[in-house]
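**Q** Working from the sequences, and respecting the hints, build out all of it.
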Amino acid sequence: MKTKSFYIYGAFFMIFVAACFLWMLRNNTFAEKATHIDYRDKDIEKRLGFTLEEYVKTKSIINLQLNGNGKYNDSILNLFQLEIQKIMKVEDANKGIHLKFSRKTTYENVIRSFQICKIEDCSTYIPDDYDLWVFPYYK
876 MKTKSFYIYG
886 AFFMIFVAAC
896 FLWMLRNNTF
906 AEKATHIDYR
916 DKDIEKRLGF
926 TLEEYVKTKS
936 IINLQLNGNG
946 KYNDSILNLF
956 QLEIQKIMKV
966 EDANKGIHLK
976 FSRKTTYENV
986 IRSFQICKIE
996 DCSTYIPDDY
1006 DLWVFPYYK
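Note that the sequence shown ends on residue 1014 in the numbering used here; no numbers are left out.
These aren't lab readings, by the way, just hints derived from the structure by calculation.
What you were told as hints is all true, and nothing was included just to trick you.
Here are the simulated distance ranges between beta carbons:
id, residue 1, residue 2, range
1, Lys979, Val931, 20 to 30 Å
2, Gly924, Ile986, 25 to 35 Å
3, Leu957, Gly885, 52 to 62 Å
4, Asp949, Phe887, 42 to 52 Å
5, Ile994, Ile936, 17 to 27 Å
6, Met889, Ile936, 51 to 61 Å
7, Arg922, Tyr947, 38 to 48 Å
8, Val931, Val965, 16 to 26 Å
9, Asp1006, Asn969, 18 to 28 Å
10, Met889, Leu957, 44 to 54 Å
11, Tyr1005, Phe887, 50 to 60 Å
12, Phe896, Ser935, 38 to 48 Å
Restricting the straight-line Cα-Cα distance to at most 25 Å, the calculated cross-link-like pairs of lysine-lysine (BS3-like) are:
id, residue 1, residue 2
13, Lys979, Lys946
14, Lys993, Lys970
15, Lys934, Lys964
16, Lys970, Lys934
17, Lys961, Lys934
18, Lys975, Lys946
19, Lys961, Lys993
20, Lys975, Lys917
21, Lys917, Lys932
22, Lys975, Lys932
23, Lys964, Lys932
24, Lys934, Lys993
25, Lys970, Lys932
26, Lys975, Lys964
27, Lys946, Lys961
28, Lys932, Lys921
29, Lys934, Lys917
30, Lys964, Lys993
31, Lys975, Lys934
32, Lys975, Lys961
33, Lys961, Lys932
34, Lys946, Lys993
35, Lys979, Lys993
36, Lys934, Lys921
37, Lys917, Lys970
38, Lys975, Lys993
Cβ coordinates follow ideal geometry from the N, Cα and C atoms, glycine included.
**A** Next comes the structure, spelled out in structure tokens:
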């Protein structure tokens, strides 16, 4: 009699796992987004034939700087998000944002800047030392 209860629980568990897996497939949980995070690599620059500085010279860049002050950094990060939204709205591939971190910038603000890029579906962002280069729209 007790062995049959294990069959019921086992069947319920298998149906539950299958339903969860189907739900994840339906909601594209396993889909890969088009976000591309580059890291500065001299080998890649040699292979591409241009450096990050040369690439940035071809773009119209908005410069923003975090300084470690809490309220100021919050306003800069809000401005950062608004600028990304503006670039995405006009679909201008020639604009980019240069977010510069200071040594006093908290780790929380660095992570928040990456989260903003992810939330706004930026196509490319490149961390380089104390800088974050963001190119939100790509044709």
